[in-house]
Structures are given as structure tokens and as C-alpha cells.
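S.K.: As they're listed, the protein sequences go chains A and B.
Residue numbering for the first sequence follows our numbering, starting at 1 and increasing by one per position.
Residue numbering for the second sequence follows our numbering, starting at 1001 and increasing by one per position.
Check each hint, because a few of them may be wrong.
Unchecked claim - With the Cβ distance kept under 8 Å, some of the chain B side facing chain A (calculated, not the full set): (1) LEU1022; (2) LEU1104; (3) LYS1107; (4) ARG1209.
Unchecked claim - In silico SDA-like cross-links for lysine to any residue, where the CA-CA straight-line distance does not exceed 25 Å: (5) B:LYS1036 <-> A:SER149; (6) B:LYS1107 <-> A:LEU242; (7) A:LYS122 <-> B:HIS1019; (8) A:LYS146 <-> B:VAL1033; (9) A:LYS122 <-> B:ARG1029; (10) A:LYS146 <-> B:LEU1031; (11) A:LYS89 <-> B:LYS1036; (12) B:LYS1107 <-> A:THR105; (13) B:LYS1107 <-> A:TRP12; (14) A:LYS122 <-> B:VAL1016; (15) A:LYS120 <-> B:HIS1019; (16) A:LYS121 <-> B:HIS1019.
Think of the hints as simulated: they come from the structure by calculation, not from any bench.
As the structure is a computational prediction, the values presented were derived from the model and not from experiment.
For every residue, glycine included, the Cβ atom is placed at its ideal position computed from N, Cα and C.
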Amino acid sequence: MKQQAVILENVWKKYRIGAPKKLTEMLAGWVSADNRQKEFWALQGVGVKIQKGEVVGIIGPNGSGKSTLLKILSGITTPTKGSIFINGKVASLLELGAGFHPELTGLENIYLYGVILGMKKKEIDEKLPEIVTFSGIEQFLETPVKHYSSGMYIRLAFAVAINLDFDILLIDEIMAVGDAEFQQKSLKKIHEIVNSGKTVIIVSHDLEKLKNLCHKTILLQKGKIIKNGETKLVVSRYLQNLSNEN
Amino acid sequence: MVKTGNYNFLEDLRGVWQHRELLYFLTQRELEVRYKQAFFGIAWAIITPLSQAVIFALIFGVFLKVSSGPTPYLLLVFSGLSFWNFFSQSITMATFALTGNYNLVTKSVFPKEILVISTVLARVPDLLFSFVVLLAMMFYYHQGLSLAALWVIPTFIIEVILTLGLGLFFAATNVFYRDVTALAPLLLMLWMYLTPIVYPLSSVPVHFRLLLSLNPMTGIISAIRSGLLMRQSPDLLLLAFSLVLTAAIFIVSYLQFKKSEKGFADII
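Starting from the given sequences, assemble the full structure and let the hints guide the process.
M.R.: See below:
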């Protein structure tokens, strides 16, 4: 039997909408029932098993819980109910450049962002040439990143994140980063990772790319898994659902 | 393996130790950013307490003639202010350690107390600079140092732990209620006058002295002054009381912080 990389069992995630922040709102909430804060279940009993080395896509309309699922897998937030098991080190390309500081130089930010993502300084030292080459911003390493263009910024962040040591990679619509040349480069890198036998989980609206990359795909809708299986079948079910609605 | 449920105090401390490199880089970031575009740079660490001390010396030392005993009033107030400012500025900054790092709180995975600890650590160089100025002033006033000055070290460690405890508490509470943003500076200002900073503890009437001792900063500031300026061991009972209170505040705040940490990313 293959080893499991990720097991989610009956995972629920609740968000509160319009939580009372002010004393006056809180008092109003005690007085009348309809002023109480509303609850929203972003995930409703999601169960997933992903084996080591699998490449899994997640699709679904906006607000179906895709991002919440990735956030739970990455450990940024915890489920309200249910259990999660994650076997291995997770790297996520969810929010590139969170932790960059505008006043610091590109080089300083490589180190800062690297340790935020869980690297050791020694690891960063070793991977620095690779990171710098991949980002393609050698000339601007000593420039504060506040002077970077948004493309340069994202390229640097991507270069740091993709060079992490990880067992499981989470990707959120990452193929649309930078110019055409960089997009090619990053797609190539992702293919490399896929072929190296690492576990990859990708959220995307680009169904064609998913068909090329993913062994399996999960279709989410309103916080529930509608279909889980071979990518081609799940994608056609998704498209069918969309045309039915229109 | 991701765990849900129980938390463990020692486990949490170990988590901080495992992230010590992150702590180092965040502290460095804080320091670099603070002084990178400031013309006077680190000199602000001296300008702030010195200008405050001069004004207090003028009002209380000259106008109102508060007795500072054998110690020159300027030394009394500058020593108090240097260590008070570390406490008060650290806590003020710690209040924003989570809300001001929105991106890191909502998009990264690491023990979030690292953000609070780094803001406090980033204040230590400021204190060191003003401490050097304090020593220079003591030299100017022909005040020697004795071995009792070593009391500053354990006392300062107690102060750091107290600062961390309150910093964690304010930072976490501010995530849920922004009232803390307004409350913290007010509280710290009132607190300063209830701590022997601009006056010596000896000038406080005896029955009020007991009340003032309930404030953990009283024992800390008094111990620093007696070690440095009076060249004698501090009132150990008073310092021990500060230590006990500090430990209690730290543990309760840290537990409260870790308990609410899960909600930070969702609520902030």
C-alpha cells in the first residue's frame, strides 16, 4: 500500500460574518436576536485522502471553499471540527511575498522570507545562487524591494518559495505569475517537481493545465466535495454543472 | 503531523527556540527599518530619555524641589526613565506586533509570539545606548560604581520577562478589540506616575509605599537605582515580590496568547 501524504476526515470550518467589534453592537446583539453574528460554514464535512507522489487538482466556483481548504492544509488556520493528518513538510505558494518588507533589499528579503517559510539560514546560504538565478533580478539584489515592480516582487518571492525543501506543495493559481517567459519557467519548474515524485495540490481555474498536470481532481461546491476522481471526468462534470446553471 | 487540541507550555517554549533564526531576522528587520530612513538613527535612543529627563529635572528638581537624597536629581530621573522607556515603548510597540503584521499573521505558519518577542528584543539596543549615557553622566557627577551594580543584570532580566508578558497580553487582546490601541498608552502613562521614576521611593509616605509595592515595576526600578546609584544591594523582599508577580503575569499572558492564537488569522 502506498503511503498517505494527507488525510482529512470530516473537516468543517466555520467563519463568523460581522462579528460584533463594538460595545454598542454587542449590546444590540443581546437585545434583539437578528443582530447576532451570522455564521458561515466554508467547509462542510470534507474528507480527502491523498497519497504520496500524487498530483491533485482542486476546482470549483468562487466561494466553494478551495482557498479555505488550502489554508487548512498549510496550517494557517485550523478546522472548527474534524481531523487532519499531514505527513511531511508543507510548502505553500499561496500568498507569495507575505513577509517581504518594503524597506529591506532583495537580498535581505530572501533571507527574511526564507526563514518565515521555515528554512534555516544555512539552507538559504546554499540555495542562494539558485534562488537569485531563478528570480532573474541579479542586478537589483541591493535595491529595497519597495522600488521593485510588482512582477519583480512576485518573481523573487516565487523563487524563494519554490526552492524550499518540502514533501507537499500547495499551489494557488500560481501559473499566472510574471511575464510570459517567467510563466514558462515556473510551469517548467512545477512539472519538474511533479515528475520528482513529490505530492502537489493545485487550486486553479485553468482546467486545461490541470488536465496536463493532475492525476486526480476534487470538485468542491458550497463547502462540499461533489466529485473526486480522474481529472478528465471531474472536469467534465464541473463544466456540465456550469452549463446546467446557465 | 498537525495537532489540534491540547497545548503545552514547555512545548510552546521549545517552538520558540526552534524558530530562533526567524526571531533573529525579525528583530534585525525591526531595527533596520526603524533606523534606515531616520537621520538621527540610533541617537533617538538617547535624545528621547535625555530630553524627558531635562524637563522633569527642571519641573521637579528645580521648580518643585523634590528631594532626591544624596543622588543628583538628573541621575535619579534619567536612570528611572531609561529602564521605564524600555518597558513602556516595548509594550506600546508590542500592541501592534500582530495587527501591524497582518500579512504574517494571516499568511504564514510559525508561533506568533515570535512577533511580540522580536519587538521587545529590538528595544534592547536602545536601552544599552542610554545605559552608556547614564554611566557617562555618573562619571560626570563623580559617582563611582561598586559590585552592587551587578544587580542590574538579574533585575533587567525580570523586567524583560514582565515586558514580554504584558506585551503578549496587549498584542493578543488588540487582535480582538482595537480599544487596546487607545488604552495601552493611557495605561502606561498613568502607570509611570505610580512608579518611582520622577521621584525616589523614599519620598513616598510609608502607608502609600506598600500600595506602590504592588506595582512590579516599583521593585525593578528601585533595585536598579540602589545597585547603580546607592551602591548597595536592593530591598530583596521588594524585588522578590516583583519576581513572583512577573512570573505570574508572564505565564497567564502566555497561556492566554496561545489559546487565542488559533483565532488570529480568522479574526484579525
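S.K.: Does each hint fit the structure? Answer for all of them.
M.R.: Hint check:
| no. | hint | verdict |
| --- | --- | --- |
| 1 | LEU1022 | holds (4 Å) |
| 2 | LEU1104 | holds (5 Å) |
| 3 | LYS1107 | holds (4 Å) |
| 4 | ARG1209 | violated (37 Å) |
| 5 | B:LYS1036 <-> A:SER149 | holds (21 Å) |
| 6 | B:LYS1107 <-> A:LEU242 | violated (31 Å) |
| 7 | A:LYS122 <-> B:HIS1019 | holds (14 Å) |
| 8 | A:LYS146 <-> B:VAL1033 | holds (12 Å) |
| 9 | A:LYS122 <-> B:ARG1029 | holds (19 Å) |
| 10 | A:LYS146 <-> B:LEU1031 | holds (18 Å) |
| 11 | A:LYS89 <-> B:LYS1036 | violated (36 Å) |
| 12 | B:LYS1107 <-> A:THR105 | holds (21 Å) |
| 13 | B:LYS1107 <-> A:TRP12 | holds (20 Å) |
| 14 | A:LYS122 <-> B:VAL1016 | holds (19 Å) |
| 15 | A:LYS120 <-> B:HIS1019 | holds (9 Å) |
| 16 | A:LYS121 <-> B:HIS1019 | holds (11 Å) |
Figure legend: structure checked against the earlier numbered hints; hints not met, in rising order: 4, 6, 11.
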